[in-house]
Structures are given as structure tokens and as C-alpha cells.
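A.B. asks: As a plain string of letters, each chain reads:
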Amino acid sequence: MLTPVVIILKICENNLKKLVIFLFGGKGVNRRQFIKRALYGAGGTAVAISGFGALTKAAPKPALATATNEETTVFSSCEMCRNQCPVAVKVVDGKVSKIEGNPNDSGFGGVICARGNSGPSMLYDPQRLKKPMIRTGERGSGKYKEVSWDEAYTYIAEKVKELQQKYGGESVAFASRKGPHDWFFRAIGKGIGSPNIFSHEATCPMTRSVALHSMFGSEAIAADYGNAKYIVSVGRNWLEGIHVAQTRSIMKAIDNGAKIVVLDPRFSVTASKGEWIPIKGATDLAFVMAMANVIIADGTYDKDFIERYTSGFDKWQVEVKDKTPEWAEKETGIPKDTIIRIAREFVKHSPKAILDFGWRTGITPNDYQLRRAIMFVNMMMGNFEVPGGYYHKKYAAVLKKFPEMSSYAKTLGDIYQPAFPKPSTYRIDGTGIKGIPGQLIPEGDGAVSQIPESILTGQPYPIKGWFVHRFNPVISVTESDRIIEALKKLDLLVVCDIYMTDTAMFADVILPECSYLERYDKVFDMSGKTPKYVLRQPAVELVYPDTKPSWQIYKELAVKMGLGHYFPYEDMEEFISRQLAPAGLTLDYMKQKGVWTPEGMKPFYIRANDHTASLDDIVHRTDSKIEFYSEEVEEATKQGIPKYEQYPQPQEGEFRFVQGKVAVHTNAGTANVPVLNELMPENSLWINQESANKLGIREGEDIIISNGKYEHKGKAKVTQGIRPDTVFCYHGFGRISPGLKRAYGKGINGNKLINNVIGEVGNVCTSMSFVTVKKA
Amino acid sequence: MAKHYGMVIQIAKCIGCQACTVACKFQNKVPEGQYRTMSPAVGPIGTYPNVSMHFGKEACQMCQNALCVDVCPTKASHYDENGLVMVDADKCVGCRYCLAACPYDARFINKETGAADKYTFCFEERLSKGLQPACVSTCLGGSLSFGDVNDPNSDVAKILGKSKAEFRLSELGTKPRIYYIYDGVVK
Chain S
1 MLTPVVIILK ICENNLKKLV IFLFGGKGVN RRQFIKRALY GAGGTAVAIS GFGALTKAAP
61 KPALATATNE ETTVFSSCEM CRNQCPVAVK VVDGKVSKIE GNPNDSGFGG VICARGNSGP
121 SMLYDPQRLK KPMIRTGERG SGKYKEVSWD EAYTYIAEKV KELQQKYGGE SVAFASRKGP
181 HDWFFRAIGK GIGSPNIFSH EATCPMTRSV ALHSMFGSEA IAADYGNAKY IVSVGRNWLE
241 GIHVAQTRSI MKAIDNGAKI VVLDPRFSVT ASKGEWIPIK GATDLAFVMA MANVIIADGT
301 YDKDFIERYT SGFDKWQVEV KDKTPEWAEK ETGIPKDTII RIAREFVKHS PKAILDFGWR
361 TGITPNDYQL RRAIMFVNMM MGNFEVPGGY YHKKYAAVLK KFPEMSSYAK TLGDIYQPAF
421 PKPSTYRIDG TGIKGIPGQL IPEGDGAVSQ IPESILTGQP YPIKGWFVHR FNPVISVTES
481 DRIIEALKKL DLLVVCDIYM TDTAMFADVI LPECSYLERY DKVFDMSGKT PKYVLRQPAV
541 ELVYPDTKPS WQIYKELAVK MGLGHYFPYE DMEEFISRQL APAGLTLDYM KQKGVWTPEG
601 MKPFYIRAND HTASLDDIVH RTDSKIEFYS EEVEEATKQG IPKYEQYPQP QEGEFRFVQG
661 KVAVHTNAGT ANVPVLNELM PENSLWINQE SANKLGIREG EDIIISNGKY EHKGKAKVTQ
721 GIRPDTVFCY HGFGRISPGL KRAYGKGING NKLINNVIGE VGNVCTSMSF VTVKKA
Chain P
1001 MAKHYGMVIQ IAKCIGCQAC TVACKFQNKV PEGQYRTMSP AVGPIGTYPN VSMHFGKEAC
1061 QMCQNALCVD VCPTKASHYD ENGLVMVDAD KCVGCRYCLA ACPYDARFIN KETGAADKYT
1121 FCFEERLSKG LQPACVSTCL GGSLSFGDVN DPNSDVAKIL GKSKAEFRLS ELGTKPRIYY
1181 IYDGVVK
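Taken in sequence, the protein lines are chains S and P.
Reading the first sequence from the start, the letters are residues 1 to 776 in my numbering.
Reading the second sequence from the start, the letters are residues 1001 to 1187 in my numbering.
Hints are not guaranteed to be accurate.
What the hints assert, rightly or not - Far from chain S, some chain P residues (derived; all Cβ distances over 12 Å):
#1 K1003
#2 G1083
#3 N1150
#4 P1152
To be verified - Restricting the straight-line Cα-Cα distance to at most 25 Å, the calculated cross-link-like pairs of lysine-lysine (DSS-like) are:
#5 K259/S / K1162/P
#6 K252/S / K1187/P
#7 K348/S / K229/S
#8 K229/S / K1162/P
Keep in mind the hints are simulated off the structure, nothing from the lab.
These numbers come from a predicted model, not from an experiment.
Virtual Cβ for every residue (Gly too), placed ideally from N, Cα, C.
Let the sequences and hints guide you as you build the complete structure.
C.D. replies: Here it is, written out as C-alpha cells:
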């Protein structure tokens, strides 16, 4: 027992301690530092992370009313980004209270990222779209009237009919963020005979897909990060561009002693976990070619692998003969000894080594050649179909070809759609045409930034109508102002989304989709080292009763347009059951687990135990060889072997402008989501301390960024973590739609400052713009 | 041996993704603009190109000699049966003494309840039901571990057996239960 005297002494002692802390500050945390510290990279937009509330005590809430109510778990999949991670949605009293990772999926282990965690705040956001709307004022004026779904469908059906009659079905383009909705969304486009159907992929990993297809005849190649011992990132940022399973695998690899090397003009979070190499922008191919040069000169490549599994290596050898580390040092700014060391470390750790093929690619016009060269170096070391290297995804169709694995292969069923009319003409981006670069563009993706060009120029023929589904080209595609100019010229713009996006605000008709927490979707195949199917199912009733799931919206619209026969199902329970039946699975099973993987199956690497095992069943190129030299690429671009192209570097006073991802936001998707907006409401422009000094720019100051054609206001984040010749901002801010009340007008929209240059295989080119920066 | 709950934070494994920050908000219904925990960046430190950075988890340190408990005039701030610092919102009069007393600046007045609020290892909704705190169960980097430090088979005990841990402001004698491990981090 403490006597009163002791208590008084103790309080005095404590007050003395507090005084000491106030006067001199603590060693670990200074007073109010808790408040002032900000998210990495938020710059002048520090978020208060402690706060003072009401000065007087508010009436206490009823004592934890929910604590006594029953919590149920609904297994579904996330849609806060494109990755569709399996989640466990906690529901109390018909309301989503919390979202966690689905513990039934070992790749996730119950974990989900900040965006996934924030799902409920999007679900109940009063700023969501709630009713179908038809425009009544000028485009972009924000003047709309609420209409019934039937009125919206009728309006669209009549307008499309008009366009079909006047200009043909090809004059209507369709673009979505790729996902399970595409089966429904695209059926409208195919049904009216339009060849012009696009995904967002040209703004994301499409050059990688092109590269993989050219080499393997398949895009379904993935990296086994978790078992790798040496990982080189070429601008990849797993720890901010979060893909939960991959992010966890990278951290697992680091925990197991793997070394990470990061080539990036900016000091990313990923770079902070390894060796940061601040490479000169747009020179990555020089580094990769020099790696190949070193490995060939050392004679340390996997000769058996190359002979057994590949073709055309001799032409690659010739191409990189003069791409010495000395040469690459001049190009990249990386000391030659560093290049040699990294190449040798990579060899030493192969085949458990990964030179990463990137995610959001499309950095330069010939980016696909960089991705090919990267995979060439991996294949030179035989880092394929072994733990810690690359592998072909083991979905059912692949497993079926391996007798010892075929019992794990359960194939999902297709829902039969009658044959669509054959489009009467070619696509605006030349996709699929032999002898031109379009030959290499994946048919399901296309060059999405061609759409505004065709609207504006009428070349190769006019686009008059555009359907946009859960995609926001004004922010996601380069040169925002040009996109807006194009949108204003359209006869019909239909946007389906959950928010009044920067693209929706120009639409003639806005269709409000319900969120992922309120709907079914097609079961999706997320197979990796083992097969995996994932379900999305409603966790709660519709929050806004006049919103609808996309499978219903497009079915109903189709009926109005006379295309109902392309939607041969009643509802999604039936649709999903028909998908699952051939696999011997049921909707009930999927609802209970959310995810299916074959029980007892271990990760399957074809060459794990036999380094001579046949790869014929996964390589779909001539003679089943992985192609260094590609006849197809030669035919399309006259460059069957990647050639180095030297791109301009910024002149004195200029900066290369680059963008990237932050862990708490998804591209153009989440800036207005309440909890995420609260964490990071805006971005700022990263500028090197020394460069800022020269311009007299200080931390947090207002600046004007200009690319000569467009200007953007912003704030400066002065840092040591970026090259002096480069500036950077996180993507997805500077929103122009007043309907996004939290995000409106905050931060920098990087794509306003990047001209719409279409790359060689239809990709956007994110890092080819130079800007000047001055004080505002 | 009695249970001694502790949180171990391996700083090198934190990627600053804020999954913990958001999970905590929903788990504990923390009002808009307020946080029980967050993982802000420290850095970049150094001069280009030789820079480093890490993330520091901010939260109540669960002191065993808690100044907040000492100064609380109504005993709202107290130690529970496990010795963890808790706030009884019904007893709290919102006087803010504890906010001033906390050397870690880890407390705030909850905008909705008017009571002092802070990180609790999710005692109310999870720990008391045998679950890991929300931040730990959603940690992407594998930085956070929680458990009984006295149980040699627990994750926390195993990690502490291998690495040297630090307490924040250990010179104050507050004896926190949050163990920071800086292995592999340039401070």
C-alpha cells in the first residue's frame, strides 16, 4: 500500500519527468511529433495522427451496443484495387463492420492491405452515385437529372442505334478496367459489332504481356518471389504498389535472407529495404543488356537450359556483344563495377534469382523490348519452373497435361453465348493486323489511348460513342486535357461507376453500380503455383437501393437493345452454379469458403526435381522453344531482337517527370474513399534538395509544374530520395470532378503533364515527359 | 509464471503500408481524423544517394509504470487484471491530464465519446476473445507480433530471444510493453 506521502512524492516525480520531457524532448518521440509525423511521401500534406476532440465531454454512446450482437463472416473478394484478393467480411446487424483477409487462403493468411481494410468506408460513403442520371447541361457542367433505369436504358439504346445507322457499330468504343465484369460489359460491344473493345492494360502491364507472349506463347508467367534469394527490381515497387500475396512473398524472401536491388530514379519504400540504384530514367534496357553482356563474357549462363529449351540465343549474344558495363555506365549513370557485381550476384543466386519483369510498365515507347530483355536474362540463367524463379501459372488446363497432377485439375465451365456478329472493319489501333505493331497488341486489351485520338482526328475512322466501365481515363490515361477535349466531342458517353469520377462528369448517361460488397461476380480463376478459384458474393443488402450490379445492368440494357440472347442466365446464383458444376464444385461450398484450391496439392514446378523435364506443354512457340529471337516481333516491328534505343535526357533546368503508386491508394480509384482520403488527401512533387535549392523552392511551398504545353499547381516535397534530374508524384490525385468532394482539387494529376504518345505496342509512355518547376 | 503480454515490432519488416492503421480504425470504431495507432515514415535520412528510411509504429506503449494512470483523478485509466493500461470511458471526465502526462503522446479525446482513448491491443473486441490485435493480424510485412513474453513457445519470446529490443524513453522508467527491434535498420 502506498501512503499518501508516497503518492504525493510519486506525482511530483512524474511531473518532474514531464517537465524534463517538455524542456528537452524525449529521445524517441518528441512532444507532438506523434501529430506531426506524416505518411511517407505525403510531403506538405502531413496528416494529423492524433487529434483533440470536443472540449467538453460528449454524451456517452450506448455502451457498445454492437458488442453483444452476433457477428457473421461472409467470404468474398475485394475490389478496392484490381487484384480481387480473397476477404472475410465481418457483418453485424446487416452492416459491414470490418474486412479482413480470408484465412482460408494461405497466400493471404487473413491479411489485407489498408485499401482492403477501408472497404466499409467506401460502402457507406454518402458521396457514392445513387441513381441513374442523364445529362441536362453542357458536358462537364455537372447538370444531370435523375432518371429511372428504364429511361437510362432507353436513352442509351436509341442513341446507339442512331450511331450504328450513321457510322456503324465500330464507331462505338468500349473500355473498362479489366475484371470479371468484362464478360457482361463486352457482350454489349460485341453484340453491336464493334471491334473497338479495350481494357486499361495499355496503361499498366501490357508491354509485359506482349513480351511474355512473344517468348512463351503465353502471358501466364509469374515470379516465385517468396523462394528467391536475389531479386532485382527494374522500377517495380512491391511495397507501395501492393499486391498482398506478392508483397508478403517479397517480405518472406527478405526475411529468409534474400537481397533486393532496386533500380529506380526515386527512393521508394521497396528501395529502402535493399540496395537503391538511382538509375537515369529511360535507360533500364542498357542496364539489362549489360547484365547479359557480363554473364556471356563470364561464360556463366546456363548452357544446358539455353540449348534444351530456347531458340535464337545466338542473335541475342550478337546484339549485346558491345553492350559492355563501360557503355552502360555512360547510359545509366551506374558505375560499371556495380553493374558487374549485380550481374555476378544474380548468377551466383540463380536459379533462385529474379530480374523482375515489372507491373505497371509502359515507361518508354519500346518498353516491350525492355521486358523481353529482362526475361532473356532470366532464361539465360534457367530461372524457370524451379522454386525461386519464374513459373507458368498452374491452372486446370495446364495441370491436365501432367498425369501426376491431373487429379487436381478441375475446369470451370463456360456460359454459352451465341456467336457475335463479325465486325465489319478493323480496330482503330490496328490490333491483330499482321505486319504492323498491332500484330503484337493483345486482342483483349488494345491501345486504349488511341480512343481519344480517333475521336479527335477521325483517324483511321471516327469514334462517336464511348462506353466506360469502372475506368477513369481522364486520370488514368496520359494527357488529361486531350482526353477531356475528346470526351466533349462525343455523341454518346456512357459511364458506369460507383463515384462521380472525372470521366463520369462528362457523360450523357451515368449508371450507378453497387459496390463489390453488395454483389456477385463471375467466379474468377486466380491460379498461381496451384489452381485457385475465388468467389465474390454480397455481404449486405444494397446500401443505395437504386444501384445495381454490372451483370444485371448490362443484361437489362441488352434486352432493351435487342441483345438479350447474349445474356443466357436468370441471375448470378445460376450463372455461378453453371460455372462451378463442371469442376464438381457448388455455390454453397464457395459461399462457405470464398476460395477453392485443391486439397493437398503442393506448389508445382515442372523442373523442380528434374532439370531436363519437358516444357513442351507450357511453351507455345515454334517447336515449343522459348524464343529469344522472335519471328513474330520481327514481322511486326522489324526488331526480332531488342535493340537499345537512346532516349533524350532532361536538359539543364528540366526534370524527367515520373509517377508511382502509394500503399494507401489505388491509382485513379480511391482518392475520394473517406478513410483513405483522410490518410492521404493529396500528393506533392518530390524534388531533390539540391535542385530545389537552385530554384529557391522550400519544403511544402506552392509550385507550378509545366511541360511546355500544360501547367499544374502543386506543393513541393523536398527530399534526398530522388535523382536531381527527376521529379516524382504519386498517381491518382488532382481530381477535377466536384462530385468527389473530398478529393476535388487536391494535389497533382500527373497525367495532365504527360503527352499522349502511344508506344510501339500500343502502350502509354509514362516517363518520357520533361517538366520545369518554379515557385508559384 | 503469470502472463506478460507484449508487442514486438521488428522495424525492418514494416513497410509503412498502414493496413494496421486502418484495421484499428474499423475494429475499434475510432472517429474520423483520429487514430489509436499509425506507422509514419522516419526519413529519408542521409544525403542523396546514400539515404535510408524506416517506419516507426506509434501507439500506447502499455507502460507498467504508467504516468497516465498515476495522474488520472477518477481512476478511469487503470491497470486491468493482466496489468494492461485501460481506460474506463464511463469513469473518464475528459480532463486531459493523461494526455499531458503521456510521454509518448499516445492518447486523445475520442470525438464521439468525449473520453480519453488510446491503443489497447484490441482488448475489448479481440484479445478478450483470444484473438490477436487487429493490427497484428493484418500486418503485411510481418513486422508485428503479440503474445505472452513469459511463454517461451510464443512468437514474441522467440523473437526476443534472438534480437535485442529497445523501449522508447526507457530512461523514464515507464517500463513499456512495446518492444522495438531495430536490427537491420539505419537509425
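A.B. asks: Is the Cα-Cα distance between K348/S and K229/S 25 Å or less?
C.D. replies: Cα-Cα ~10 Å, so holds.
A.B. asks: Was G1083/P rightly flagged as not at the interface, with every chain S Cβ beyond 12 Å?
C.D. replies: About 17 Å separates G1083/P from the closest Cβ of chain S, which puts it past 12 Å; holds.
A.B. asks: For the pair supplied as a hint, K252/S and K1187/P, is the alpha-carbon distance within the 25 Å limit?
C.D. replies: holds (23 Å)
A.B. asks: Please settle this one: N1150/P was flagged as non-interface, so is its CB more than 12 Å from every CB on chain S?
C.D. replies: The claim holds: N1150/P sits with its nearest Cβ about 25 Å from chain S, beyond 12 Å.
A.B. asks: Would the non-interface assignment of K1003/P survive a Cβ cutoff of 12 Å against chain S?
C.D. replies: holds (23 Å)
A.B. asks: Are K259/S and K1162/P close enough, with their CA atoms no more than 25 Å apart?
C.D. replies: With a Cα-Cα distance of about 21 Å, the restraint between K259/S and K1162/P holds, given a limit of 25 Å.
A.B. asks: Hey, K229/S versus K1162/P, does the alpha-carbon distance stay inside 25 Å?
C.D. replies: holds (22 Å)
A.B. asks: Holds or violated: is the Cβ of P1152/P farther than 12 Å from all Cβ atoms of chain S?
C.D. replies: holds (21 Å)
In summary, the structure agrees with every hint in the numbered list given earlier.
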